[in-house]
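K.L.:
Each chain, letter by letter, is given below.
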Amino acid sequence: MNFPLPDLNPVMPEILMTAFALIVLLLDLLIKKKEAVAVISIAGTAIISLSLLKTTGSTFGGMYIADGYSTFFKIIFFINVILTILISIKYIAVERVNYGEYYSLILFSTIGMMIMASASDLITLYLGLELMALSTYVLAGFIRHNLKSTESALKYFLLGAFSSGFLLYGISIVYGLTGTTDLRLIATFITERGLSGNLSLLLAIGMLTVAFGFKIAAAPFHMWAPDVYEGAPTSITAFMSVGPKAAGFAVIGRVFMIAFAAVKADWATILIPISILTMAVGNIVALSQTNIKRMLAYSSIAHAGYALLGIITANSEGISSMMNYLFIYAFMNIGAFAVIIMLRSEGIKGEDLSDYEGLSKTHPLAAALMLIFMFSLTGIPPTAGFIGKLYVFMAAINAGYTWLVIVAVIFSAISAYFYLRVVMYMYMRDPKTELPLTTSFTNGLALAVTTAAVLIIGVFPTMLVEFARAALKGF
Amino acid sequence: MVSIGFFIYFAFAIVVLSLLVVTRKNPVHSVLWMLLLFFHIAGLYLFLNAEFMAAIQVIVYAGGILVLFLFVVLLMNLREELSIGKYTTFGPTGFTFALGLFVAVSMSLSSFIAAPPGKYSIDLIKQETHIKALGKLLYTEFIYPFEVASLILLVAMIGAIVLAKRRLKS
Chain A
814 MNFPLPDLNP
824 VMPEILMTAF
834 ALIVLLLDLL
844 IKKKEAVAVI
854 SIAGTAIISL
864 SLLKTTGSTF
874 GGMYIADGYS
884 TFFKIIFFIN
894 VILTILISIK
904 YIAVERVNYG
914 EYYSLILFST
924 IGMMIMASAS
934 DLITLYLGLE
944 LMALSTYVLA
954 GFIRHNLKST
964 ESALKYFLLG
974 AFSSGFLLYG
984 ISIVYGLTGT
994 TDLRLIATFI
1004 TERGLSGNLS
1014 LLLAIGMLTV
1024 AFGFKIAAAP
1034 FHMWAPDVYE
1044 GAPTSITAFM
1054 SVGPKAAGFA
1064 VIGRVFMIAF
1074 AAVKADWATI
1084 LIPISILTMA
1094 VGNIVALSQT
1104 NIKRMLAYSS
1114 IAHAGYALLG
1124 IITANSEGIS
1134 SMMNYLFIYA
1144 FMNIGAFAVI
1154 IMLRSEGIKG
1164 EDLSDYEGLS
1174 KTHPLAAALM
1184 LIFMFSLTGI
1194 PPTAGFIGKL
1204 YVFMAAINAG
1214 YTWLVIVAVI
1224 FSAISAYFYL
1234 RVVMYMYMRD
1244 PKTELPLTTS
1254 FTNGLALAVT
1264 TAAVLIIGVF
1274 PTMLVEFARA
1284 ALKGF
Chain B
112 MVSIGFFIYF
122 AFAIVVLSLL
132 VVTRKNPVHS
142 VLWMLLLFFH
152 IAGLYLFLNA
162 EFMAAIQVIV
172 YAGGILVLFL
182 FVVLLMNLRE
192 ELSIGKYTTF
202 GPTGFTFALG
212 LFVAVSMSLS
222 SFIAAPPGKY
232 SIDLIKQETH
242 IKALGKLLYT
252 EFIYPFEVAS
262 LILLVAMIGA
272 IVLAKRRLKS
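Line by line, the protein sequences are chains A and B. So the first sequence is numbered by my numbering: it starts at 814 and just counts up by one. So the second sequence is numbered by my numbering: it starts at 112 and just counts up by one.
One chain only, chain A, in its complex shape:
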């Protein structure tokens, strides 16, 4: 029996990352100072990210593909990992869960996301998704002595397992209909056999939408998000709201645009109500939140709704605008969480909106940074959030969804209320008590990077936009 060794070059980033995650796991035994493990994780991830430059091509019999699209998402994942670890170092010490497994689990979760972004086969996609999800469940419950953290992990796990059931059911129907799990072969089979409009295929697409909608926290599959985001360690909330969401969008883009290209109209019709509902639930329910982590959870739901507009257009302009959006969202969201983390110190939770009262007087710099991130999340120029929304909305208008954009803009205006309320609390109210800030060099570094990115992308967006467009070539 002869079997040629598959070309390992395209899959190199994943191999290196896996080896590195295992090394980090072992280093934890040898190194007593967990901060060192964190620094090694950051340095290793940064070095491995260079391997993305030279990897293109498809391997393992077409199960795995490294192209511009996957590379773009992998860059988001790497940024997410590095920023998350930067904001974690001090925080997990404050929460008294300063264990080395934390970092290796984050790395394993990222490997899962990378596999998802590169999957061109439904089986690889599913396994990548499970790898990502399983690591995140554990991370959500990492503060074991905290009841809320444990509850959030359990909730995430149960609902995640439920959504995996939907994914597998959808995959098995697709496999039964087409006899393959390869995305491109599915597409050819559907056009050749004239399967478009087949009800079973629609059912399968519906099932996959449920599963992916769960991962990106789109309504009505968002129920887990507020509880999990609130209960999980704040650093992991930042991680979860960027990484798994981007990975979910990556697979939606690839599966729907490639495998189900022939039935574009059908899945766009499914996604439009989901997108409207997501924006509505996210923005309206966020109005009544008093816990800032919970508020950002609803905001994260709403942002999934905006990014879905890019997918609904079903053309390369829309997909690239969705990619831009997620790239920008990574910076502004982690930035906001980096400020929230500073307010957490020994014995003080610092998660309530009232904790932000008069922050501009006690800690002007922290307040100013929060102001930038809140402006960016609202989408006010000259911040990056504006650019993200602008390109998504433009793509949707060009694809003929003007009414949908009007709806989105209305919800976006509603969102200004709860984002700017934080700003109002910080700048127009007097401080009740002086909260101590937990500052650290690494958290400051993360804040500097995110602030710079939000402002630079906001003022000079062309580079990012061109990059996303170029990444889509050959998609």
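Covered stretches of chain A (in silico footprint by chain B; criterion: 3 or more residues with CB under 8 Å from a CB of chain B, positions within the stretch not fixed):
#	stretch
1	929-941
2	949-962
3	989-998
4	1007-1018
Below, simulated DSS-like cross-link-like pairs (lysine-lysine); rule was C-alpha separation at most 30 Å, straight line:
#	chain 1	residue 1	chain 2	residue 2
5	A	Lys1162	A	Lys1245
6	B	Lys247	B	Lys237
7	B	Lys276	A	Lys846
8	B	Lys276	A	Lys961
9	A	Lys845	B	Lys276
10	B	Lys276	A	Lys968
11	A	Lys961	B	Lys136
12	B	Lys276	A	Lys847
Hint data in this document are derived by calculation from the structure and do not stem from the laboratory. For clarity, every value in this text was computed on a predicted model and none was experimentally measured. Even glycine gets a Cβ: it sits at the ideal position worked out from N, Cα and C.
Chain B: place on chain A using the hints.
P.N.:
Okay, now just chain B, sitting in the frame of chain A:
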């Protein structure tokens, strides 16, 4: 015709047994119904000419996983299941959605057209033997997902240790 009759029996039995597993109040009863469920799933594999899968199903699920379940029941000493009002009041809504899903599935499955069979026909597998065919596929064509699966198991182990083994520092 006989095989269709058997399939209908197994399919219905699996649904009924699954319902019994989740509705029994006594956890030991649930686990024992689950044992029966696993055997029926193994029976389903037999009808697909997948003897090896059927054997694995019995060994791994009925033999291994079920024993673990029994251990958990034993260690937790659960006589009656906990019933928390907050989570048990959504019955009617859940039932409506389940019914809707059932209608949607049964309506759309009538339009299901099975794809032409693949390379591995029953004769070919008989000629090659199950284990060889399966092993060959797992280590060649499906080596990538196979390796990813091993990572998932590793993460599961790390996760279990992190969440359960560490002593709490209070």
